[in-house]
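Colleague: Since the structure of chain X is already known, use the hints to place chain H on it.
2 protein chains.
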Amino acid sequence: MSVARVGPLKLKAQIFCGDEPAIGPGKADLLEAIDCEGSISAAGRALGMSYRRTWLLVDSMNRCWVERLVETIAGGSRDRGARLTDTGRAVLAAYRLLERRMVDAAAGDGLDPLTALLRDAPLPPATAT
Amino acid sequence: MSVARVGPLKLKAQIFCGDEPAIGPGKADLLEAIDCEGSISAAGRALGMSYRRTWLLVDSMNRCWVERLVETIAGGSRDRGARLTDTGRAVLAAYRLLERRMVDAAAGDGLDPLTALLRDAPLPPATAT
Numbered sequence: 001m002s003v004a005r006v007g008p009l010k011l012k013a014q015i016f017c018g019d020e021p022a023i024g025p026g027k028a029d030l031l032e033a034i035d036c037e038g039s040i041s042a043a044g045r046a047l048g049m050s051y052r053r054t055w056l057l058v059d060s061m062n063r064c065w066v067e068r069l070v071e072t073i074a075g076g077s078r079d080r081g082a083r084l085t086d087t088g089r090a091v092l093a094a095y096r097l098l099e100r101r102m103v104d105a106a107a108g109d110g111l112d113p114l115t116a117l118l119r120d121a122p123l124p125p126a127t128a129t
Numbered sequence: 001m002s003v004a005r006v007g008p009l010k011l012k013a014q015i016f017c018g019d020e021p022a023i024g025p026g027k028a029d030l031l032e033a034i035d036c037e038g039s040i041s042a043a044g045r046a047l048g049m050s051y052r053r054t055w056l057l058v059d060s061m062n063r064c065w066v067e068r069l070v071e072t073i074a075g076g077s078r079d080r081g082a083r084l085t086d087t088g089r090a091v092l093a094a095y096r097l098l099e100r101r102m103v104d105a106a107a108g109d110g111l112d113p114l115t116a117l118l119r120d121a122p123l124p125p126a127t128a129t
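Chains as they are written, first to last, in the numbering used here: chain X, 1 to 129; chain H, 1 to 129.
Derived by calculation from the structure, the hints in this document are not laboratory data.
Treat the hints with care, since some could be wrong.
[Said to hold, decoys possible] Straight-line Cα separation of at most 25 Å, SDA-like style, residue types lysine to any residue; simulated pairs:
| hint | chain 1 | residue 1 | chain 2 | residue 2 |
| --- | --- | --- | --- | --- |
| 1 | X | K12 | H | A90 |
| 2 | X | K10 | X | E20 |
| 3 | H | K10 | H | E71 |
| 4 | H | K12 | H | A94 |
| 5 | X | K10 | H | G81 |
| 6 | H | K12 | H | G81 |
| 7 | X | K10 | H | A82 |
| 8 | X | K10 | H | A42 |
| 9 | H | K10 | X | E37 |
| 10 | H | K10 | H | R83 |
| 11 | H | K10 | X | G26 |
| 12 | X | K10 | H | A94 |
| 13 | H | K12 | X | G108 |
| 14 | X | K10 | H | A74 |
| 15 | X | K10 | X | A90 |
Next comes chain X alone, as it looks inside the complex (with noise of 0.2 Å):
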């Protein structure tokens, strides 16, 4: 799941393959997912996404990079086996190093200026004009 949180904090970082993300918080979370699940229905259910979405989301990582992200194991049903690729493994690994590098570029120093000025909690809405 995403680390991509400190304090206040919330990072989404994307890179993009032209127009299309190529790996984000959402397609990351995906690949562990399957990583862990071992099928890509079962991983997009473990995440609440429909086949469809999960499907969709596999097929564009699967187009962005130099080589597929992830692999299905021959068979022929929807919870046949997926997993990663050396390349798969290799893009989660980056993005993941990339996330938490940033985030601690954040931390500290960098997040103190604005967490001085936050409130606990938001003052309630004001009456719309």
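Modeller: Relative to the frame of chain X, chain H by itself:
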């Protein structure tokens, strides 16, 4: 405008006050537009947002920080002047610096392993099953 792009990387950093985004790329752009235009409604128009949406974003920012970020200058019309408070300037500057630190941390060693594996353009989508 947003500084949070470097090569194929797009960064979205949000600071939350409870469940409410207290600042992020859109609100930072709005603060800059208000500073530039001297008016909330003119700033919204410059960014292609409705007056209502612009007003809601300003109200949200004004409720999340220890002091309001935007103040209106005496007068009665929608186009009366508005300006950033000292806190507004401090939050905007600290947020842009935070983005810059995160982007700088991503550049080079962090991003190169991903860029090396990224296609120049995605392959065409597979036929949906």
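Colleague: Are the hints correct? Go through all of them and say.
Modeller: These are the hints, each one checked on the structure:
no. : hint              : verdict
1   : K12/X with A90/H  : 23 Å, holds
2   : K10/X with E20/X  : 22 Å, holds
3   : K10/H with E71/H  : 31 Å, violated
4   : K12/H with A94/H  : 15 Å, holds
5   : K10/X with G81/H  : 33 Å, violated
6   : K12/H with G81/H  : 30 Å, violated
7   : K10/X with A82/H  : 29 Å, violated
8   : K10/X with A42/H  : 29 Å, violated
9   : K10/H with E37/X  : 29 Å, violated
10  : K10/H with R83/H  : 29 Å, violated
11  : K10/H with G26/X  : 14 Å, holds
12  : K10/X with A94/H  : 15 Å, holds
13  : K12/H with G108/X : 19 Å, holds
14  : K10/X with A74/H  : 36 Å, violated
15  : K10/X with A90/X  : 24 Å, holds
The structure does not agree with the numbered hints 3, 5, 6, 7, 8, 9, 10 and 14 stated previously, though it agrees with the rest.
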